[in-house]
Amino acid sequence: MEIPYTTKPRPDTGLYNAKVGIWLFLASEVMLFGALFSSYILLRVGAFVENWPHGLLNVPIGTVNTIVLIVSSITVVMAWASLKMKNFGKFKFYQAITVLCALMFLGIKSFEYRDKFTHYEVWKTDGTRMTGHIEGKPMFLTLAKVKAAGKEKIGFIPDPYHYSASKEVKHTAKEHPGEHKTVEIAVSEIKRLSAFVPAHSTYFAIYFTLTALHGLHVLGGAIVIGFLFGPGSKMWHSDPERFTNRVEVAGLFWHFVDLVWIFLFPVLYLL
Amino acid sequence: MQATTHNVAHGGADEAHHHEPGFMQKYVFSTDHKMIGIQYGLTALVFLLFGFCLMLCMRWQIAHPGQPIPLVGHLLERVLGDVAKDGKMSPDLYNSFGAMHGTIMVFLAIVPLAFGAFGNYVVPLQIGAPDMAFPRVNMASYQFYVLGGIIMFVSFFIPGGAAQAGWTSYSPLATSIPTHGQAFWLIGMVFLISSSLLGAVNFIATIIQLRAPGMTWMRLPFFVWAQFVTGFLLLLAFPPLEAAGVMQLMDNLFGTSFFLPTGLAVGGRLADISGGGSPLLWQHLFWFLGHPEVYVLILPGMGIVCEIIANNTRKTIWGYKSLVYSVLAIGFLSFIVWAHHMYLTGMGTKISAFFQTTTMIISIPSVILLTCFFISLWGGSIRFNTPMLFALAFLPMFGIGGLTGLPLGLAAADLHLHDTYYVIAHFHYVVAPGTIFAMFAGVYYWYPKMTGRMMSEFWGKVHFVGSFIFMNIVFQPMFFQGMAGMIRRMADGGANYSAAHNPGAIGGLSASMMGLHSVILWGAVGLAVSQIPFILNVFISMKNGKPANDNPWDATTLEWQTPTPPPHGNFAHAPTVYRGPYEYSQPGAKKDFTPQNQA
Amino acid sequence: MSEHPYDISKHIRGYLIIGGALILGTVLTVLASFIDLGHHWNVVLALVIATVKASLVALYFMHLISEKQLIYTVLGFTAFFFIGLMFITIAAYHDHPALTTTN
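Protein chains in written order, with my numbering: chain D, 4 to 274; chain P, 58 to 656; chain U, 119 to 221.
Just so you know, these hints were derived from the structure itself, not from any lab.
All C-beta atoms, glycine included, are put in the ideal place defined by N, C-alpha and C.
Heads up, some of the hints might be wrong.
Computed from the model, here is a short list of chain P residues facing chain U with C-beta under 8 angstroms [as the list claims (entries may be wrong)]: (1) ARG135; (2) PHE248; (3) SER251; (4) LEU293; (5) PRO297; (6) LEU337; (7) ILE393; (8) ALA396; (9) GLY403; (10) GLY405; (11) ILE408.
Chain D extracted, bound-state conformation:
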């Protein structure tokens, strides 16, 4: 006996197996990201305003990345439509763009990550705090590491303005930009030092967790779509209907990944 309904829809449900499977899987994904979103809200509502950084992410880059992902979402559905119209060449064309977009998204994201790893905040013992870069652009520096290296001072290049959760402060700070030059900070005056890594604050913790998990989904989707574009596309010649279904199912996953990002972008970058 063969497994039925691998290609043809079952009459009473109107669906083929893989489509039921992918939607069930997406339902579990909704709960996964839903739980993280709930955590985000809970942590944010419970946080002191000054501990929830705002405006530290690069909005133009985030916007570009959002558009990259939307374009890939368009091409993935166009690729499926091309197969439906029996146009294999166009399918290849669109799917190639999808994979390129996925790689571009990941490239931009890793550039953003790297940028954050060299960007620091210093909490001084007198209660003031500032953001900026440390001379020599080290990554992942912490107070413990500075002390272990036996340094007494660090060269710190403050950002032109300080961030704040309240936008007014941010705007007025922009009108009076700080001096863009190195200041020396004695290690003894530092209470805490952290790059913009997950340990910096619950904001960066949830930012990195959400975007990394989303990034893994992008990577997974890119691998699947890459497979369907490359070696997997042989199936078009042996079982075109099933191949079209595979492309549709992979596309559904890809749209979901896009959909998650549509929420992540405003929530993490803008609000």
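Following the hints, put chains P and U in place on chain D, whose structure we already have.
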């Protein structure tokens, strides 16, 4: 099916001919649901035994704190090092064993046995399908499970040992313990959760899509319904724990503060963290899984019990429709009762009232299920074979477990009983003499279908009587200890709080309460001895058991209408279903059972 | 799945329009974040735009606008449980006696 298997081997090329699969393909990388079910079953039974052995060591430590464990103490010292110095169990080791006993029993033994093993083997057969909808996903699910199990097992041997924060892994404790056991636990859990998710997707899709012609929803055997609801519980309740696990892993490895509050002090010193997290968030996410998980543990057991009761009373099950609607109601409600585990977290009255209400409501469908099973016995000419004995024992055992849960669901009573041995007794009555008895019943019932031979009835009954008596000796005293105020998770079994240790203090645990520890210890040893006939029975019957025909129990459901053991693809021709699942003793029928596929 | 090729080509125009709308929505949400409406209204506006965009993706790209009953049922329950998880957790946090008495 054949074509799908070939696709694995030959990279998608469709080949018309087929050949005998090699050893690896047949036993290790099998995509056949029956082989995967057996793989799941054997692995889960090994973990079940392992988890039980951990508990035996702990019971010795509780009854005789600080004394070397007989027989295995020096082995533990050699394998685990200083935590078991001189064969004695240190508190750290006790915590590890406690945490891992819970984790192994729940995630590595019962769920894989109930859902992975029985579900995999029986569901496709019962609905008349050739296999699961996604055979390769099924294989991946088993492999993820094994990987998760290996990670959990290896964590015993890393420096510092396995996780120590209990199977619930509450933060900030789970993050404050300075060993890597918790990280292993979390990574292991991510694999186990992924395994369950893949399994759940597969089960639900299979039940929806691959039912044989004529197998309408109301003709499904109740076991399939139970697995269907279980699948949804796993599908939707596990991901929040996966999210929580990832966050706790971030806390442990990258120094984040998801679950760590501002101003957290560890060992008298302010922790070097950003703070701002919420310990309660972990509890919410954990119990959002945790409560549906309880029903994941019990529903497949109920499904098995239903099959066996119908078969051995030779009657239609009473109230099939109420069973189905009850199990659906349980599934739905189990998602909105979770915080009844959290009354003592300083929960406000509004939320507490909400959860008390839903908790009381969810007991109704559970009672309906149990009542239907009891009424089904009425007027039956019952065959008391081994599976039926276990199934019958399930009913009162689950009844005790369920009813003792009601006081825990009410905040006022829970204030007193929370985190005492009463809680342990309650949920063990549900899971150990409850679910595990159902699992034993399932093994005895479906063993002939899997192997083609019957298990020994005599040794089966010995196994049953021993297990039944000793299970109750182990768990019944814990109710009393708990109500007397004995707190759980104490490495010395509460000796510090005993009246003997604190002369003159009010409320110390009396000598009789402390003495019950010895009773429980020897009950547990007796329980261990009672399992020996079962283990031997499983292996010896494989070769020497009485040969079984295709339908040794004269059952009606489809899994008995195929050759024994079923061939690859299960059915020679797609069966057509004409009737409900339990048509026993129908008036006018030639025999006292009418198979579902009989026109 | 018996759509006529003609149907599909009609859909393609739709896909492009939706894609355009999504990009427009992205630009809008960025612009809206620079207008100060008071923090709460900024949050509401951004989430409304995001929801609209997500709905477009779900309805048209994922074809949820013309999907089978079974999938609606599954997603309906999922949405219900997700909302339950989110709101009850947050409600429980705010029903905390320590918080309600000190504030």
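Verification of the hints:
For the restraint placing ARG135/P at the interface with chain U, the shortest Cβ-Cβ distance is roughly 46 angstroms, beyond the 8 angstroms limit, so the hint is violated. For PHE248/P, the suggested interface contact is broken, since its CB lies about 23 angstroms from the closest CB of chain U, more than 8 angstroms. A least Cβ separation of about 18 angstroms between SER251/P and chain U goes past the 8 angstroms threshold, and the interface hint is therefore violated. The interface hint given for LEU293/P holds, since its Cβ lies 5 angstroms from the closest Cβ of chain U, which is under the 8 angstroms cut-off.
Taking 8 angstroms as the C-beta contact cut-off toward chain U, the hint placing PRO297/P at the interface holds, the least distance being around 6 angstroms. For the restraint placing LEU337/P at the interface with chain U, the shortest Cβ-Cβ distance is roughly 7 angstroms, inside the 8 angstroms limit, so the hint holds. Interface hint at ILE393/P: satisfied, since its Cβ lies 6 angstroms from the closest Cβ of chain U, which is below the 8 angstroms cut-off. Hint status for ALA396/P relative to chain U: holds, with the closest Cβ pair at about 6 angstroms, below 8 angstroms.
With a cut of 8 angstroms, the hint placing GLY403/P at the interface with chain U holds, because the nearest CB-to-CB distance is about 6 angstroms. Nearest Cβ of chain U to the Cβ of GLY405/P: about 3 angstroms, under the 8 angstroms cut. The hint holds. Evaluation of the ILE408/P hint against chain U yields a held restraint, the C-beta minimum of about 4 angstroms falling below 8 angstroms.
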